[in-house]
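Asks: As a plain string of letters, each chain reads:
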Amino acid sequence: MVEPFGFIGIFIAVAFILASVPVLLNWLIAPKKPNPIKEETYECGIETVGDTWVQFKAQYYIYALIFVVFDIEAAFLLPWAVAYKQVPLVGVIAMLLFIVLLADGLVYAWRKGDLKWR
Amino acid sequence: MDPFSSIAVALENLLASLGFADWLIDLIMAVLRSAILGTVALLAFMFLTWLERKLIGRMQDRLGPTYAGPIGILQPIADGIKTLTKEIVVPKGADRWIYFSGPILAAMAALAVFAVIPFGPDTGNGPLVGTALNVGLVYVLAAGAAGIVATIMAGWGSNNKFAVLGTFRAVAQLISYEVPQLLSLVAVAMVAGTMDMVKIVDAQTVPFIFPLFVTALLFLISGVAESGRSPFDLLEADSEIVAGFHIEYSAMMFALVQMAEYIHAFAISCIVVTVFLNGWAWPFLPGLAPIWFLVKCFAVFFILIWFRGTLPRFRIDQMMAFNWQFMVPLALVNVIVVAVVDRALSDAAGWTSASQPWGWGLVMFAANAVMLLAALGLMSLKGREARMRDAEKARSQSAVAATGR
Chain D
1 MVEPFGFIGI FIAVAFILAS VPVLLNWLIA PKKPNPIKEE TYECGIETVG
51 DTWVQFKAQY YIYALIFVVF DIEAAFLLPW AVAYKQVPLV GVIAMLLFIV
101 LLADGLVYAW RKGDLKWR
Chain X
1 MDPFSSIAVA LENLLASLGF ADWLIDLIMA VLRSAILGTV ALLAFMFLTW
51 LERKLIGRMQ DRLGPTYAGP IGILQPIADG IKTLTKEIVV PKGADRWIYF
101 SGPILAAMAA LAVFAVIPFG PDTGNGPLVG TALNVGLVYV LAAGAAGIVA
151 TIMAGWGSNN KFAVLGTFRA VAQLISYEVP QLLSLVAVAM VAGTMDMVKI
201 VDAQTVPFIF PLFVTALLFL ISGVAESGRS PFDLLEADSE IVAGFHIEYS
251 AMMFALVQMA EYIHAFAISC IVVTVFLNGW AWPFLPGLAP IWFLVKCFAV
301 FFILIWFRGT LPRFRIDQMM AFNWQFMVPL ALVNVIVVAV VDRALSDAAG
351 WTSASQPWGW GLVMFAANAV MLLAALGLMS LKGREARMRD AEKARSQSAV
401 AATGR
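In order, the protein sequence lines correspond to chains D and X. Following my numbering from start to finish, the first sequence increments by one per residue and tops out at 118. Following my numbering from start to finish, the second sequence increments by one per residue and tops out at 405.
Hints were generated in silico from the structure; no laboratory data involved. Beta carbons are placed, not taken as given, at the ideal position from N, Cα and C, and that holds for glycine. One or more hints might be untrue.
Derived list of chain X stretches under chain D, where covered just means 3 residues or more per stretch with a C-beta under 8 angstroms from a C-beta of chain D [unchecked claim]:
hint, segment
1, 43-50
2, 104-110
3, 178-187
4, 391-398
Excised from the complex, chain X in its bound form (with noise of 0.2 angstroms):
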């Protein structure tokens, strides 16, 4: 038994020692493990805002934090005790209710996905989570809708035309890039057979990252942008306008934001690390499983911090046609060909995910590999007739002002 169950067992037995009832029990340890997922959402929330602050800090050739503590690893808690003393400035006109409930109910929507991450194996005492869900992955993505109204509701609520502006943008883009997300974890449920986060890791014989990279890659991109990251961060463009839906925002309304961005970008690693990275499996020391998680959880956010490092802000007309013409039909497009195969696999050569997992991977892992370069080079072609197109239009179009005049 893991360290972890053996202290939730030891105090459900002192509790029963001291005769409550059985129901009390079970509300207590349900409460207990809600504030220990919550807080450890926190304390990574805190981490990973310095972690991004010093490593985006090193790709822009500068040292980041430095002042408080060693390494400025008291950054955060410096930042908490500012935001804590700062007046929250409520702008007129504003909708006082929307304007309060939004950060709050995204930070709420962030958190909620917590509760069905499984942090470990099955050890004698259940699986290390919240609660195993049997629809899992709808509850996460249901979480992460709410998170979309709550920035509706924080940019409609400000009464700002930069608000607005912004939650328009978020309107388009939270909602369209929910389409692939949808879709990329239809063929995680194909291929598990199962929407329980705990038993998707227990189903992948094979990392999914393999047989599903596709997959994988529209899920982490549709993350990305779900969660309103660089370089999808136009619904707070800051050089365009200026904070977008949480331009308002001041003192802890603002830290909120921040939090239930980072928490949101965070859930969305623990996802692709629970879902894609065979969770919290390593090949040694099994009794630490909840921290092989967070490392595996925290290599992922370092991929999203180094997007936000290399890459710049999308103009929406490339979001929205990137997303419409090339994220969507490719997820479609996976979806049948990850049930195709899979299932020409099973029917014909017998291999599934259970009984050969490596085979059946590698013939996943050359198909996801064909259609992926299928797309690109149709994106490539495509995209260069669009470039010549333009540039006919443009050289006739000089020459039509060249001889009119």
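Just chain D, same shape as in the assembly (with noise of 0.2 angstroms):
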């Protein structure tokens, strides 16, 4: 058997022939006739006007930043997962109260309203 990251290093290989390959084929057999016209961007028939590469609003980093406590904490509670069968009750008491810390960072986002898409 190959190791488990081998196979997933090859599957993900084999992937990108199984998606790549279609767009391969069609770039060999279909027609290829640019022109101006056809690549304009497609703006519902409108010019586009401007840089289309604008800043995000600042709102999205808010998401992002909550975003990132809870991605955290999760790289931390999985492993705590696994073992909670073995952990003894303080260990599940110590883990609750860390949710539960977090999720006062969640209270205190939403008091102050960033939760709230404007």
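Make one complex out of these two single chains by using the hints.
Replies: Below, the structure written as structure tokens:
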């Protein structure tokens, strides 16, 4: 048996082939007749104005920050969850306190009105 | 031994008799296994496009595809040939590398999940699975997250304002719904005591949908949101931002985007079946485990189609509020309740999922029901309060306007 991550490497390589071969085939057999009108950006018939790559609204960063908090919490929670059945009662209570502490952060953001989409 | 394993063993013996080295046999078998898994996923994708169009058609009192083959079953092949012969139009000013790698990465990420999905039991030659990864749950989530990056690449690389709007929404939606998904899998890992998908199926003395149905609900809903399907299809809302992040894709690139979406949704239903519905297990004919597994997966996928046929699209503020003010708190409470009830049962009564599966399952089910009812009750109460407040505000404003004139 190939070790797990070796197999996953092989699988992802196969997935890359499965995904890119149709595109390659498409590129080989499809017509290629580019013209300036065809390559226009499609914005419902109106010519595009200004730069497309604008800045994100600041609010996305707040959601991203809260997301990071909970993502890291899950990174700590998952190993604990696997060991949950062997952990003594103290360990369970400690982790529940950890969850409550982070939930407190969510309540704080909620009270501040950061969870309201504006 | 089931037919699938015996074919694999026969092939291995054949290769060995031809004098191949051991590592080469392993490599060939791994490549074959990946190719078969990938092909199964692609065939499922083709079948699902047809099934979804047909079922959505029936739900909307239409017939759906009827023309290509009997009851339109050859429609996916016709679509495939059509997309294959169309021109790939690259929009002006697109970031070519990002533009082309977006859909390919999306398809890869969606396919990657199938490496750890178990299709059958261990019948003497190892379980019927790509690889038994000991961090399977984390891997599955990581593959989903790679799909998010691919969506962002596709939208950002197209140099189109609608696509960028879709990307913004994708960022907000996909990272938000990642949180309840992660937290719901924490509860699963807690009860199963492992993150290995194969062992999770074995650990289900009673299908986890009974003792953990709030978890299952959270996972299913956040899974639908993660795969960007209706009612959470804001990132490709066709009536507002045309097609969102994949507006500028044509021909096979467009087909790849669709493929990634369908395979992701199918992967979500496979994970739901594996984790909550006892995977490949079935009361009779255990030799056909992969067939039963796929039947269950299609049944779960039917629920997703049903969602799409029933529910209107959410507004973005509703969607964010639903996640952060309902799903995430419920997921946190869920982890706490599962931990406390499970520990109390095992310490006080000695009931665990192994020793007393149905007694344990029943108590867990009751705890879940109480939790869900409390959450829904609290939500409807708070919702009514908020609506009353808004109505009051509107009334006083109109009164001010009337007297001010």
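Asks: Now, for every hint given, state plainly whether the structure supports it.
Replies: Quick rundown of the hints versus the structure:
Using a Cβ-Cβ cut-off of 8 angstroms, 0 residues of the segment 43-50 of chain X lie near chain D, which falls short of the minimum of three, so the contact claim is violated. Check result for the segment 104-110 of chain X against chain D: holds, 3 residues qualifying (beta carbon to beta carbon below 8 angstroms, three or more required). With 7 residues carrying a beta carbon less than 8 angstroms from a beta carbon of chain D, the segment 178-187 of chain X meets the three-residue requirement, and the given coverage holds. Check on the segment 391-398 of chain X: 0 of its residues sit with their Cβ under 8 angstroms from a Cβ of chain D, so the three-residue criterion for coverage is violated.
When the structure is compared with the earlier hints, violations turn up for hints 1, 4 and for no others.
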